[in-house]
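Number of protein chains: 2
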Amino acid sequence: MENKNNHVVIMAGGVGSRFWPMSTPAKPKQFIDVLGCGRTLLQLTVDRLGDLVPKENVWVVTGETYAELVYEQLPEIPRDHVLREPCRRGTAPCICYAAWRIKKLNPKATMVVTPSDHLVTNTDEFRRVLKNGLQFAGETDAILTLGMKPTRADTGYGYIQADLTAASARAREIFRVDSFREKPNKAVAEEYISHNNFFWNAGIFIMSVSTTVNAFRIHEKETSDVFENMLPIYGTDKEQAAVNENFPKCRNISVDYAIMERADEIFVYPAQFGWSDLGTWGSLMEQSSRDIHANAVIGNEVRLYETSNCMIHTTDMKQVVIQGLDGYIVSEKDGRLLICRLSEEQRIGKMSE
Amino acid sequence: MENKNNHVVIMAGGVGSRFWPMSTPAKPKQFIDVLGCGRTLLQLTVDRLGDLVPKENVWVVTGETYAELVYEQLPEIPRDHVLREPCRRGTAPCICYAAWRIKKLNPKATMVVTPSDHLVTNTDEFRRVLKNGLQFAGETDAILTLGMKPTRADTGYGYIQADLTAASARAREIFRVDSFREKPNKAVAEEYISHNNFFWNAGIFIMSVSTTVNAFRIHEKETSDVFENMLPIYGTDKEQAAVNENFPKCRNISVDYAIMERADEIFVYPAQFGWSDLGTWGSLMEQSSRDIHANAVIGNEVRLYETSNCMIHTTDMKQVVIQGLDGYIVSEKDGRLLICRLSEEQRIGKMSE
Numbered sequence: 000m001e002n003k004n005n006h007v008v009i010m011a012g013g014v015g016s017r018f019w020p021m022s023t024p025a026k027p028k029q030f031i032d033v034l035g036c037g038r039t040l041l042q043l044t045v046d047r048l049g050d051l052v053p054k055e056n057v058w059v060v061t062g063e064t065y066a067e068l069v070y071e072q073l074p075e076i077p078r079d080h081v082l083r084e085p086c087r088r089g090t091a092p093c094i095c096y097a098a099w100r101i102k103k104l105n106p107k108a109t110m111v112v113t114p115s116d117h118l119v120t121n122t123d124e125f126r127r128v129l130k131n132g133l134q135f136a137g138e139t140d141a142i143l144t145l146g147m148k149p150t151r152a153d154t155g156y157g158y159i160q161a162d163l164t165a166a167s168a169r170a171r172e173i174f175r176v177d178s179f180r181e182k183p184n185k186a187v188a189e190e191y192i193s194h195n196n197f198f199w200n201a202g203i204f205i206m207s208v209s210t211t212v213n214a215f216r217i218h219e220k221e222t223s224d225v226f227e228n229m230l231p232i233y234g235t236d237k238e239q240a241a242v243n244e245n246f247p248k249c250r251n252i253s254v255d256y257a258i259m260e261r262a263d264e265i266f267v268y269p270a271q272f273g274w275s276d277l278g279t280w281g282s283l284m285e286q287s288s289r290d291i292h293a294n295a296v297i298g299n300e301v302r303l304y305e306t307s308n309c310m311i312h313t314t315d316m317k318q319v320v321i322q323g324l325d326g327y328i329v330s331e332k333d334g335r336l337l338i339c340r341l342s343e344e345q346r347i348g349k350m351s352e
Numbered sequence: 000m001e002n003k004n005n006h007v008v009i010m011a012g013g014v015g016s017r018f019w020p021m022s023t024p025a026k027p028k029q030f031i032d033v034l035g036c037g038r039t040l041l042q043l044t045v046d047r048l049g050d051l052v053p054k055e056n057v058w059v060v061t062g063e064t065y066a067e068l069v070y071e072q073l074p075e076i077p078r079d080h081v082l083r084e085p086c087r088r089g090t091a092p093c094i095c096y097a098a099w100r101i102k103k104l105n106p107k108a109t110m111v112v113t114p115s116d117h118l119v120t121n122t123d124e125f126r127r128v129l130k131n132g133l134q135f136a137g138e139t140d141a142i143l144t145l146g147m148k149p150t151r152a153d154t155g156y157g158y159i160q161a162d163l164t165a166a167s168a169r170a171r172e173i174f175r176v177d178s179f180r181e182k183p184n185k186a187v188a189e190e191y192i193s194h195n196n197f198f199w200n201a202g203i204f205i206m207s208v209s210t211t212v213n214a215f216r217i218h219e220k221e222t223s224d225v226f227e228n229m230l231p232i233y234g235t236d237k238e239q240a241a242v243n244e245n246f247p248k249c250r251n252i253s254v255d256y257a258i259m260e261r262a263d264e265i266f267v268y269p270a271q272f273g274w275s276d277l278g279t280w281g282s283l284m285e286q287s288s289r290d291i292h293a294n295a296v297i298g299n300e301v302r303l304y305e306t307s308n309c310m311i312h313t314t315d316m317k318q319v320v321i322q323g324l325d326g327y328i329v330s331e332k333d334g335r336l337l338i339c340r341l342s343e344e345q346r347i348g349k350m351s352e
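Chains A and B, in that order, are what the protein sequence lines are.
Numbering that gives the first Met the number 0 puts the first residue of the first sequence at 0, with every later residue one more than the last.
Numbering that gives the first Met the number 0 puts the first residue of the second sequence at 0, with every later residue one more than the last.
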């Protein structure tokens with residue numbers, strides 16, 4: 000059921016400091032087998048696409064220093080589909096680059112843009128939503144975002160406010176966006192979820208490459224020019240040198256600010272497919288299976304005594320014995336050890352600096 | 000000030016299961032830099048002898064499997080002074096072997112027998128005591144034990160009851176032993192230390208080789224015969240094969256039972272030189288320097304937040320962050336991690352099995 004016009008762009012440039020020591024700048028969380036299932040989050044991101052897109056239509060945008068990790072973990076992806084950013088400039092230049100790059104190959108392409116370090120548990124539903132979304136975006140000039148139906152008043156996500164009136168509905172499941180909202184405080188988050196038209200912004204977008212480059216031309220012209228000017232050398236052996244020279248000129252901005260909050264034809268597809276951004280140890284714990292004492296254990300030969308409500312992630316360790324802990328994160332990776340109360344996990348980045 | 004008759008026999012065959020994961024059967028605690036000072040306990044045991052005995056008069060008795068570790072850690076000791084036991088038979092056969100072996104070289108030798116995994120903080124006083132003890136044992140047919148002046152009602156040590164009456168005193172500091180006492184319960188330990196004539200048995204003995212072999216001939220004849228029979232081949236290339244064949248015939252018994260509690264001329268030298276047998280994590284903690292929150296930290300790049308009364312031993316780790324622990328042991332070694340309340344440390348051996 001592959002559609003040759005369907006492409007996927009996986010953004011794999013993140014640094015993941017909140018998951019120290021499992022995730023480090025040298026090997027951030029997308030390159031790690033966070034779930035202890037034998038596949039890294041990046042690999043799972045490709046796996047869950049199934050046959051939705053041909054493998055030769057998968058693209059990964061990542062930092063120069065991570066390219067080898069991508070080649071190694073995704074040998075099935077063409078090497079020249081790993082787009083290498085010489086520096087970090089946020090998601091807007093990343094997506095603009097991919098859109099122009101793909102447009103050169105196929106002006107009729109439609110692309111899913113997705114983070115590389117999220118979790119989806121219901122992959123059938125995920126593929127159904129993406130398939131419908133790709134069709135919708137391919138037939139229109141709309142930019143489609145996926146909105147996750149919220150299950151709690153989470154303050155760690157941005158929210159998308161949808162216009163659920165019938166006049167807005169497209170294809171029955173897709174609605175016009177009223178507004179994007181920053182991460183709220185607790186009270187505001189509770190207000191949001193008391194309505195039924197607020198959704199978590201999953202950072203997954205679907206749009207045709209022509210719609211994408213047009214949106215950049217209108218709303219972020221300088222960035223668009225950078226990548227349009229390189230059109231003749233895409234796919235040649237001059238591409239990387241040109242990107243290395245020109246990419247740093249782009250201003251550092253997220254696609255949300257650059258495009259989503261400015262463009263008109265923005266739609267949201269409310270969905271529910273067991274999504275988590277795995278942004279914190281707590282969210283990983285929530286997604287993991289637990290023992291009868293509510294411990295989530297990812298590791299070998301881990302023995303727990305009088306221990307409950309702990310998140311244990313010690314995949315590199317040969318043997319672990321823990322006695323008498325309640326409500327802690329214990330994680331070891333590559334010679335770095337963290338023991339920290341779950342309630343204090345927001346401090347991990349700072350404590351490990 | 001070396002005396003060519005002075006020898007030291009270091010017993011290095013122990014397994015140290017209570018210090019898991021730092022200590023494992025493959026590399027027990029005597030072979031480990033427990034204090035994080037750059038020297039293993041075995042090396043410190045040799046270091047603290049200073050010039051009391053010539054290096055060529057140092058002997059190590061250890062298990063066959065640990066011989067390479069000894070060669071590596073004590074390159075200054077003659078290789079044929081590393082006596083290799085083919086199996087574990089307690090301290091009596093170990094000491095009997097060493098005594099016969101040394102007697103063949105020098106019938107006038109006097110030897111200090113010492114464990115390899117203890118700690119001494121006042122090495123000047125330690126050497127003074129040993130020097131006096133060697134002189135006393137060399138001039139008499141006495142067996143001298145060192146008794147540590149107790150600082151608390153410890154239930155983890157055996158006790159030596161001394162006869163402190165003037166009639167018993169030799170060289171002013173040395174007294175006749177009334178009795179050896181097994182590890183007591185708390186009430187008995189408190190009774191012991193309420194008197195001033197009970198001392199901890201440090202397992203350090205001083206006696207001439209002739210006195211030693213005579214004591215074995217009288218009190219443990221079969222063991223003595225095993226080693227006396229091998230006299231002609233000691234120091235030849237047939238020694239190890241003969242030991243491998245005959246050593247297992249010895250019965251498994253400690254020197255305390257075999258000799259100390261049976262012989263007549265047993266003396267004790269009460270002393271105080273900052274001794275600990277480092278038998279538990281708690282005792283290591285007690286001997287370690289502490290930060291202002293009473294944490295003992297042996298490791299690199301260890302950062303503690305809201306953490307107190309913890310024993311941290313993570314010398315293999317590159318970086319450690321601990322938040323919110325009070326009264327725990329945290330230890331990592333060679334891919335094995337322990338987190339355990341100090342109050343539960345007696346369970347470590349069982350929990351790590």
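Derived from the structure by calculation, the hints contain no laboratory data.
Predicted, not measured: the structure shown is a model, and the values here were computed from it.
Any given hint might turn out to be false.
Each pair may be met inside one copy or between any two copies, as identical chains are not told apart.
To be verified - Derived pair list, reagent style BS3-like, types lysine-lysine, alpha-carbon separation capped at 27 angstroms:
no., residue 1, residue 2
1, LYS248, LYS317
2, LYS248, LYS185
3, LYS26, LYS317
4, LYS130, LYS3
5, LYS107, LYS3
6, LYS332, LYS3
7, LYS349, LYS148
8, LYS317, LYS332
9, LYS54, LYS26
10, LYS349, LYS332
11, LYS332, LYS26
12, LYS317, LYS148
13, LYS107, LYS148
14, LYS130, LYS185
15, LYS248, LYS332
16, LYS54, LYS317
17, LYS349, LYS103
18, LYS220, LYS237
19, LYS349, LYS220
20, LYS130, LYS248
21, LYS317, LYS130
22, LYS130, LYS103
Now the hints, each set against the structure:
| no. | hint | in the structure |
| --- | --- | --- |
| 1 | LYS248 - LYS317 | neither (47 angstroms within a copy, 37 angstroms between copies) |
| 2 | LYS248 - LYS185 | neither (38 angstroms within a copy, 75 angstroms between copies) |
| 3 | LYS26 - LYS317 | both (21 angstroms within a copy, 16 angstroms between copies) |
| 4 | LYS130 - LYS3 | within (13 angstroms within a copy, 89 angstroms between copies) |
| 5 | LYS107 - LYS3 | within (10 angstroms within a copy, 94 angstroms between copies) |
| 6 | LYS332 - LYS3 | neither (40 angstroms within a copy, 53 angstroms between copies) |
| 7 | LYS349 - LYS148 | neither (31 angstroms within a copy, 48 angstroms between copies) |
| 8 | LYS317 - LYS332 | both (12 angstroms within a copy, 10 angstroms between copies) |
| 9 | LYS54 - LYS26 | within (24 angstroms within a copy, 50 angstroms between copies) |
| 10 | LYS349 - LYS332 | both (18 angstroms within a copy, 26 angstroms between copies) |
| 11 | LYS332 - LYS26 | both (11 angstroms within a copy, 23 angstroms between copies) |
| 12 | LYS317 - LYS148 | neither (40 angstroms within a copy, 42 angstroms between copies) |
| 13 | LYS107 - LYS148 | neither (31 angstroms within a copy, 89 angstroms between copies) |
| 14 | LYS130 - LYS185 | neither (34 angstroms within a copy, 73 angstroms between copies) |
| 15 | LYS248 - LYS332 | neither (36 angstroms within a copy, 48 angstroms between copies) |
| 16 | LYS54 - LYS317 | neither (36 angstroms within a copy, 39 angstroms between copies) |
| 17 | LYS349 - LYS103 | neither (43 angstroms within a copy, 65 angstroms between copies) |
| 18 | LYS220 - LYS237 | within (23 angstroms within a copy, 88 angstroms between copies) |
| 19 | LYS349 - LYS220 | neither (37 angstroms within a copy, 67 angstroms between copies) |
| 20 | LYS130 - LYS248 | neither (35 angstroms within a copy, 78 angstroms between copies) |
| 21 | LYS317 - LYS130 | neither (42 angstroms within a copy, 46 angstroms between copies) |
| 22 | LYS130 - LYS103 | within (23 angstroms within a copy, 89 angstroms between copies) |
In summary, the structure is inconsistent with hints 1, 2, 6, 7, 12, 13, 14, 15, 16, 17, 19, 20, 21 from the numbered list given earlier, while agreeing with the others.
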